[in-house]
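Asks: One letter stands for each residue in the lines below.
2 protein chains.
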Amino acid sequence: MNTTTHAIHNFSAGPCILPESVLQQAADAVRDLDGSGLSLIEMSHRSKPFVAIMEEARQLVRTELNLPDRYEVLFLQGGASLGFLTTAMNFIPQEGIMDYAVTGTWAKNALKEAKRVGGAHALTSSEDTGFDRIPALPSHSEADFVHITTNNTIFGTQYQGDPEIDVPMVADMSSDIFSRPVDIEKYACIYAGAQKNMGPAGTVLYIYDRDHIGHTGRDIPSYLDLAVHAAKDSMFNTPPVFAVYTSMLTLRWLRDNGGVAAARERNAAKAACIYGEIDRNPLFNGFAETDSRSVMNATFTAEDEAHTAPFLAACEAAGINGIKGHRSVGGFRASMYNALPLASVEVLVEVMREFERTHG
Amino acid sequence: MNTTTHAIHNFSAGPCILPESVLQQAADAVRDLDGSGLSLIEMSHRSKPFVAIMEEARQLVRTELNLPDRYEVLFLQGGASLGFLTTAMNFIPQEGIMDYAVTGTWAKNALKEAKRVGGAHALTSSEDTGFDRIPALPSHSEADFVHITTNNTIFGTQYQGDPEIDVPMVADMSSDIFSRPVDIEKYACIYAGAQKNMGPAGTVLYIYDRDHIGHTGRDIPSYLDLAVHAAKDSMFNTPPVFAVYTSMLTLRWLRDNGGVAAARERNAAKAACIYGEIDRNPLFNGFAETDSRSVMNATFTAEDEAHTAPFLAACEAAGINGIKGHRSVGGFRASMYNALPLASVEVLVEVMREFERTHG
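Order-wise, the sequence lines are chains R and Z.
Residue numbering for the first sequence follows the working numbering, beginning at 139 and increasing consecutively.
Residue numbering for the second sequence follows the working numbering, beginning at 139 and increasing consecutively.
If you are wondering where the hints come from, they were derived from the structure by calculation, not from laboratory data.
Every value quoted in this text rests on a predicted model; they were computed, and no experiment measured them.
Misleading hints may appear alongside valid ones.
Since the list gives no way to pick one copy over another, a pair counts as held whenever it fits inside one copy or between any two copies.
To be verified - Straight-line Cα separation of at most 30 Å, DSS-like style, residue types lysine-lysine; simulated pairs:
id : residue 1 : residue 2
1  : 186       : 370
2  : 462       : 186
3  : 370       : 462
4  : 324       : 253
5  : 186       : 253
6  : 186       : 246
7  : 324       : 186
8  : 462       : 253
Use the sequences and the hints to build the structure in full.
Replies: Right, dumping it as structure tokens:
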């Protein structure tokens, strides 16, 4: 595993820390791809080197998530925000329904876009309590699909595994994909913006079961039609070359460091470290309900609001970046994506302890 | 002007050659952005450095194309292929019409997507003659807008300036934006994938007159609604950070090398060089009609089909990359985007002359 210590402890919520080795290789490729004499970004996407890159990226997703053959893998553009529209277009039947679990801002946005397309309803919501928890899903649904947002970056909440429900799920996994193994058979589709655990901003991953595609009875514009992209091996139009390449590098790094099973262990250790301190330290309060806590984004606030600014200053002095909380929650957010070393979390915890000594 | 000679003469049709200085700076930023201690691609898009990058990129588009204040500038995702849908959604009134000049594959695709949205018709077409020319536009149209594709990469044809027509135009300028000054007042909207004259693949530029937006009477999904992106200063969702940054660097390079006026002169010199040889050399034939020739993509074929393979081999031996023609035309295509030095065209011409000596 790459354990290079960054000069800065990067807790940014996304775009976020990537493995140091990936950054070096990506920079090298922008100068000259593998000794080809050409930069990665000035060669045709139809060239042999780039076609091989795209295929390796797609294959790595297959192997790292152990996908059955009937699942397709695409690297597209537009982020999860366009994905809200794309998934609704491709999955909600003309006379059917997708039920949405509304667990945060992005889940709300997903439902909003889906309502423009067809039958889309809120199945459950935690908006009344400020999105501080993940409401349990029922085990049965009358809908054709249920849409979930597996991790809620802003609020620091996360499903604690793959929910049990008797219809296929469509899941926005933008902020926790590749953080743990997934029970893929439960999902008709997983989509995820790259810029957390997979790579830089600029590409969005779609994984879907082909058996669930093409049955809506709807005319779908070409760019929004997953089958159109699949028929062209994810090159219906010019792909976002740099983002796909750097995602491929990050997926290689994941594979070389034990895959998603090992990532789950590392993420659990980081989460235990920060939540242990949040629970112990009387100067801080966790935001999310304990049974809904995210291993990716730990949200917490100062017991005394007057401590917020000095604690942010103490973090900055320790080289901690990106710890300020989202305006919807306030306080602090420690985003601990796959590439963040445990050592950075330990530095943060030490700053919290020192803050208790000086301000407690 | 950066005149570093590439080890390879890169005539790729796109993604394509970028200035050597831009590649170096982009690679540096992937390692460490301006000494910040963080990579460009691992910092928040809401961070001060990236907000400044996005604003500089937008401002450079304004100044280099001399845009009046009422024009908006956005860097989005999905390429021109999603732009076909987006422009139709934002401009064609519910009861109105956009007329399309069908001058090639991409123009056909634009019309196809627009027909899904509303009133969209072919105004003119050169498909009968294999898209070897740009048919003249009428000076009058009954449509609300006329859509043109200013340069046709595959066929090597290009409008020889801004057409005169009495309705506002919507133009796909993916393959010739920033190659010359534009009479902006004739356009309601210009959109362009970055990966020719502006930067790497992964972002698409929209320039539009705000006075022409918001009048369709149509509910537009958020990601496809230009006004939604404008209200968020082109950061409605996470932007494609690397592609925007590298486009900004390329726009700085353009500015520092005399802007679009100087680019036009350089491009004219390169075009004169290659077309002069195509017309002189009895072994080669130009594909496009003379009055429709593109300064960006010169398409030509071998007089004797048996010469195609050996000429491609001679080019490869001379370090010439990407000269093989698109399958729709066959033969050869010399793409000469802004960053391609005249010296590379001179090398190609010398190979053509030598080929005449050895095969004529």
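Asks: Go through the copies and call it for residue 324 and residue 253: within, between, both or neither, with a Cα cutoff of 30 Å.
Replies: This pair counts as within: shortest intra-copy Cα distance 23 Å, inter-copy 37 Å.
Asks: As a check of your reading, is residue 462 near residue 253 (CA-CA no more than 30 Å) within one copy, between copies, both or neither?
Replies: neither (33 Å within a copy, 47 Å between copies)
Asks: For residue 462 and residue 186, with the copy left unspecified, which applies at a CA distance of at most 30 Å: within, between, both, or neither?
Replies: Classified as between: cross-chain Cα gap 14 Å, same-chain 44 Å, threshold 30 Å.
Asks: With identical chains, the pair residue 186 and residue 246 could be close in the same copy or across copies; at 30 Å between alpha carbons, which is it: within, between, both, or neither?
Replies: between (42 Å within a copy, 28 Å between copies)
Asks: Between the shortest in-copy and the shortest cross-copy C-alpha distance, which are at most 30 Å for residue 324 and residue 186: within, between, both, or neither?
Replies: Neither: 36 Å inside a chain and 41 Å across chains, both beyond 30 Å.
Asks: Check residue 186 against residue 370 for me: Cα-Cα at most 30 Å, and say if that holds within a copy, between copies, both or neither.
Replies: Close inside one copy (15 Å), not across copies (39 Å); limit 30 Å.
Asks: How would you classify residue 370 and residue 462 at a CA-CA limit of 30 Å: within, between, both, or neither?
Replies: Classified as between: cross-chain Cα gap 21 Å, same-chain 42 Å, threshold 30 Å.
Asks: At 30 Å max between alpha carbons, let me know whether residue 186 reaches residue 253 within a copy, between copies, both or neither.
Replies: Classified as neither; 42 Å inside a copy, 35 Å across copies.
When each numbered hint is compared with the structure, violations occur for hints 5, 7, 8.
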